[in-house]
Every structure is written in C-alpha cells, then in structure tokens.
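Asker: Here's the letter readout for the chains.
Protein chains: 2
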Amino acid sequence: MLRMARWTAGALFATAVMVNAQAPQGPVVVSPEVSAERTITFRLLAPKADTVEVQGGDIQGLTRGVIPMVKGANGVWEATSPVVPAGAYRYRFIVNGVNATDPRNPQVSESNANSWSLVVVPGAAWVDVGQVPHGAVASVTYFSKSLNRNRRMHVYTPPGYELGKGKFPLFYLLHGASDCDDSWTSVGRAGFILDNLIAAGTAKPMIVVMPAGHTSTSMGPRTATARDEFADDFMSDIVPYVESHYRVLKGRQNRAIAGLSMGGGQTLNIGMAHLDQFAYMGVFSSGVFGRGPRTAGATPTTPPEWETERAAMLDNAKLKPGLKLLWFATGKDDFLLGTTKVTIEMLKKHGFEPVFKETDGGHTWLNWRDYLNEFAPKLFR
Amino acid sequence: MLRMARWTAGALFATAVMVNAQAPQGPVVVSPEVSAERTITFRLLAPKADTVEVQGGDIQGLTRGVIPMVKGANGVWEATSPVVPAGAYRYRFIVNGVNATDPRNPQVSESNANSWSLVVVPGAAWVDVGQVPHGAVASVTYFSKSLNRNRRMHVYTPPGYELGKGKFPLFYLLHGASDCDDSWTSVGRAGFILDNLIAAGTAKPMIVVMPAGHTSTSMGPRTATARDEFADDFMSDIVPYVESHYRVLKGRQNRAIAGLSMGGGQTLNIGMAHLDQFAYMGVFSSGVFGRGPRTAGATPTTPPEWETERAAMLDNAKLKPGLKLLWFATGKDDFLLGTTKVTIEMLKKHGFEPVFKETDGGHTWLNWRDYLNEFAPKLFR
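From first to last, the protein sequence lines are chains Y and A. Those letters in the first sequence? Residues 2 to 382, per the numbering used here, in order. Those letters in the second sequence? Residues 2 to 382, per the numbering used here, in order.
Simulated from the structure, these hints should not be mistaken for lab results. Values in this document were obtained by computation on a predicted structure and should not be read as measured data. Glycine included, C-beta positions come from ideal geometry on N, C-alpha and C. Careful: at least some of the hints might be erroneous.
Covered stretches of chain A (in silico footprint by chain Y; criterion: 3 or more residues with CB under 8 Å from a CB of chain Y, positions within the stretch not fixed) [stated by the list, open to error]:
hint: 1; region: 96 to 109
hint: 2; region: 135 to 141
hint: 3; region: 150 to 158
hint: 4; region: 245 to 252
hint: 5; region: 272 to 284
Start from the sequences and build out the full structure, keeping to the hints where you can.
Answerer: Shown next, in the form of structure tokens:
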C-alpha cells in the first residue's frame, strides 16, 4: 500500500510546482548552509544587483555588522561567516540598500517592527534541539482590558503538561527593545534550553510566560505614555490571565521575573513596584535606565525619582527575606555595563544583596541564551 | 509610580534605537496599510531599484499574480490592491527579480521552502480575532522514530484546555504542497476560526493537530520515497505522540482527518488505508492524484492501483456505517475540480456516500478557510 502512495504524491508535486511557480529558476541556491566547523554560508541569487551584504549583528567577526557578499558568474552572491558558537542567528540581506529576508530559508524570527531570517547552528547540548522530552510553546491571544485590544504572548509549558497533572511555578521572561513576544522562542531558544535543563534535572519544570513588551510597532523614540501601558497590561491583564488559565502554584515563592535589555528595565520597574509578588528577579544586560540618550564614556546615573516612587517597597525590610534571588549579568563589552553597576550600587544602598556576574561579550543573544541557561536552574529552590 | 516608569523607558528606547540602528532612515514607510474598504496598500523604500512588484496569489484582481508598483519621488514604491474579502494574505516584493518579504512588516507566514509576509484584513466575524475565549496554538517538537530526527507540528487546544479538565476529540488538519505546519495557523487562521465556532456553540471543543506534511524542504519534484515518509511519520509517530501527550477521547468516532490540496490527497491515502480509525474525512480542493503532470483540459484518472491496494478497506461493508462524513469541497475554477469529481465517482463505486460541495473560486486560501469554517461544525456529532 505504501508503494502506491509514492507516485500519486509524485504527480501531486509536479502539479503543485506548476501551479505555484515555485520551481527553482536558474541556479539552485542553497542558503543558509551550516558547516560541520560551524561557519555559515549565505547565498542569494540577484544577478541585477550592484551590492549585496548580509547583516547579522550576533555573528562574530562582522565588520560594522555586515559581511559584503561576492557575486559569482551565475549571478549568485555568496559570503561565509567566521566560526560561530552553537546557537541561533538572525540575519538579512541588504540588496542595493533594501533589507530582505533570505528567500531560500523558511525559518524566521519576528521582531517588533520587522522580521529576520533565522539560522540555527547546532553543536552544544544545552541549546541544541535534543532527544529529550519537549515542552510546547504556544501562541496565546488574550484580550487586554487595559489596552482595549487583543494581544499575543508566548507560553512555554513543560513536557507532559498537556496531560493535565500537577501545578507549576511561573517564570515571566521579557524581551528587549528590538524584539517581540516571539523572540525568546525563535532566536532565544528558550523552549529548547528549558527542555534540556528539565531533562537533566537541573531546572524544575515550570511555565515560562513570554509577553509582548511593546505596545506599538513604532521603533523610534516614543511618547512616554506608550511605555506605561505595558506595566498596566502586565499586572492587570497578563498575570490574571495566566493565573486563571494555567495550573500554577500560587504565591510569591512561585513567581520569577526576568528580562533582557528593555525587559531587564521592565523587570526592575515592575518587580520592585510589586516586590511582595516576586521571589526571583533576573536582569540581563540591563539596569534602571536614566534620562536622555546614552553615549559611550558617559557616566550613567540612576534617576532619584525611581527610588523615591518605590521607597515603600525598596525600604521595606519585611519583604527582603522573601526575595530569594536578585541576579544581574552583563558582558564586559556591553554598553549597559555602567548602568548595570550603578543600579546594583543603588539597590545595595537599599539593603538588597544582588548577585552580579560580569561575563565576556556584549549586548547580544549569545549572552542572553547563556544567562537564561544559568538563571533558570536557580529558580524555585 | 507609573508616571516614573515613563521616562526611564523612554531613555531606554532612545538607547535601543541608537544601538540597533533600527531608526527609520529617509521617508517613514508604512506597509502594509489596510483601508476601511478592505484594500491593501503596499510600500517599499527602494530608490535604486528598476522594477518592484508585489506578489500575492490570493489577492483578487492580480494580473499574473503580481501588481506592478509605482515609484514615487521619495524612492518609495507603492501599489494598492483591489477590495479583498476579510481574511489573511501572503505577499512578497519582487525587487529587480529578487523575492523579498516586506521589511516594515513583522508578520510572516512560513512555507515549506521560504517565508511570506502576511497581512490580516479584518471585517468578517467568523475569521476575525474576536473578543471570544481563545485557544492556544502550540509549536510542538517530537522525535520521529520513522524519520530519525526531530520534527515540528502545531497543535490547537481549545479555550480552557490548559486548566487540565476534560478530554477532547482529535482533528488532524493537513496543509498543501506550498505550505508547512505553520500555514494553517498563520494564513489559514485555523485557531481563530475554531475559537469563533466554539464560542458560538457551532463546533464542539476539539484538539486540532497540524503536522508537517513535507519531509524535505525541496520544492521540486521528488523521489517517490520522500512521500511515503509522511504516512509513516503520521501513523507511527504523530498519532501515538498526540494520544500519549494530550487528553484525548479515544476511538474512531473521536478522530477526524482533513487536508487541502496535497493534504487532501494525504487524507485519502492515509484515511482510506486506516478506515477503521477515522470517522470524519475532509478533502479540500483535492482528490486521489493520478500519474504524471496535470494539464488544463486533460481528463484526470484515478490510478487503479490506488483502489487495488486499499481494496480490503474500501470494500469492507462493516466499516462504512462508522464513517460519519466523507466531505469534499472544490471551487469551480480550481484546476483539481476534475480530480475531485473522478475521485468521488470512484468512491461511490465502492459504496461510499461522499458529500460534495462545488463552490466558487479557485485553489486559494480564500476557499480553504471557508471550507474549514464549514467542515469543523460537522465533526463529532
């Protein structure tokens, strides 16, 4: 019976190709191609283009964030990256100045205002898609009363969750300014990192909620109001939705919050304003943000109003023992290293005992995946 | 306290924009833009390009599948579609012959070998993202023993499922040749269509499993072997995974299978080979596929071997009463209308009573969303 299915499906394919005009025209282009040595070769058929570059900020060794591509006689432009660590990389082509995802690559990573092609580079057990039990990562639509519209978040449920047994602690994981609620799942590999940690017994099974931290798709500087909206949405809509739709363990000791860059700032803004509700906080490549634009070499300051407005929580000694972990990690080359350090000093002044890990590297997903892999095992102990 | 969060986040945004070089350069381009009259305006900044077109096969009124775009003095190319029905539309730009997703649009729809930009056009309650309880659509990774690798599927769970109560019937929903396991969720709007039907009481709450019907990313004609692999994966890996990881009602009467185009052929191949296991079958724009390429005007034939190899099931009178519904729908302009009709005649010859709905329209997602909306309410009655 199976033999028969072969040629019937074969005919179907021929049909589909005719109809959808998807058949390769000209040279067959394979892109991206990952070598055993973990280099990535990018290719694009663009015979009429004058310049083609590939851009992918996390791919180490890029000059000004781009690799120039070289045109072959067949009209295919090509470039190969240096050796990269295992993980996942966003990239796009710049063709005569126009940004384009890779037309030969179905994998994408959504951002707040655009999308990127995504290439997954295997080679490290902690971040690879392992042969371990996998959780599920769901796209969840909820109605936000505070924003008066439907919103989306991603929710990781641990392996076996859908059978209906058990209750689990909650980890809220926030993205950065260039990202959206898809980013921790796609480029961040959060689901696979958690799968591997849980399979190894290194992290406890948990639900990971990844909300959309932006309330507008605009990427430029915004009006102040736009930002408050997320804090409202988070406390008034996201938390109640999750607690009423998932089997969760209640109480502060079962709630963690962390975020990268913008999400790290939101973690502190929200977490310290509701310190009675969170027992674990993670701040990746971030801190409390100061006024105005940041420039290299400038000394960051923590705005005094931030402390004043949170004084009741910051200086409440009764809330301190319940904060099991206040964890910071920032890379040596990160432009927010200074912000991280002044935030830590400010929090120490209020009697907190933050843990700070200064790592190699900069403001990249290379670090944020590492930080998640290090932070998640510390939760709910 | 919330007032304070405003300017701290504002500073963060300025920082992020500087670092990620995401700030708009040149004219601010909004694309796509959907009007109240349901036209779609596409825009692309490409001052150096000679030709730019927008391609989106389901957008009615396109000449040869593309709309030529017109360049403005500011280097922004623009085109506006005719009025389209509410729904979702894949599109891409073709810039000097290079396919590119819309760099201003974060929404994408994955296909088997590439990805498309996606624009959602609201305006019809059955397919809009309603203010109703929403299910979740999860990306699920499972290890396929038959293919010896990790594979992905999407799984819709009905509203409230994650709380852990109840068991549900199973609906396997297969995609077409140009698609992947994401397609029914993104361009197909399956989750939102089910949400609306369930909220109206028109469809029973159910789990919808959307597997990956391809076993290779190649879109060209394939070796025969490549296709068998899906049937193996489906029966040996997907069905056992779902039944052991979800709270499902067991038995034939709680199992439905349907698919569009290639997925309709797979529905018949798999469903009729395992007729004892499915009570509902839906074949959208499809049938049993014949030999060789299909050309307009040619009379399709159903390969006699297809029947011979399934004779034990096709001619087993005891299995007929348990098949509650065998439902076909194909559009008047669909190139597979003939294939649908000969398949129906062949099945009648074997004593089946297929229902056939000949609709307007062609081989497009406009019809497949409609068919899902019509088919799902008939299940598990």
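Asker: Hint by hint, say whether it matches the structure.
Answerer: Here's how the hints hold up against the structure:
1. With 13 residues bearing a CB less than 8 Å from a CB of chain Y, the region 96 to 109 of chain A meets the requirement of three and the coverage assertion stands.
2. As drawn, the region 135 to 141 of chain A meets chain Y at 6 residues by the rule of a beta-carbon pair under 8 Å; at three or more, the given contact holds.
3. Coverage of a stretch by a chain is defined here by at least three residues with a beta carbon nearer than 8 Å to that chain's beta carbons; for the region 150 to 158 of chain A and chain Y the count is 3, and the condition holds.
4. For the region 245 to 252 of chain A, the stated coverage by chain Y is satisfied: 3 residues place a CB nearer than 8 Å to a CB of that chain, which reaches the threshold of 3.
5. For the region 272 to 284 of chain A, the proposed coverage by chain Y is not satisfied: 1 residues have a C-beta within less than 8 Å of a C-beta in that chain, short of the threshold of three.
Consistency note: the structure conflicts with earlier hint 5 alone.
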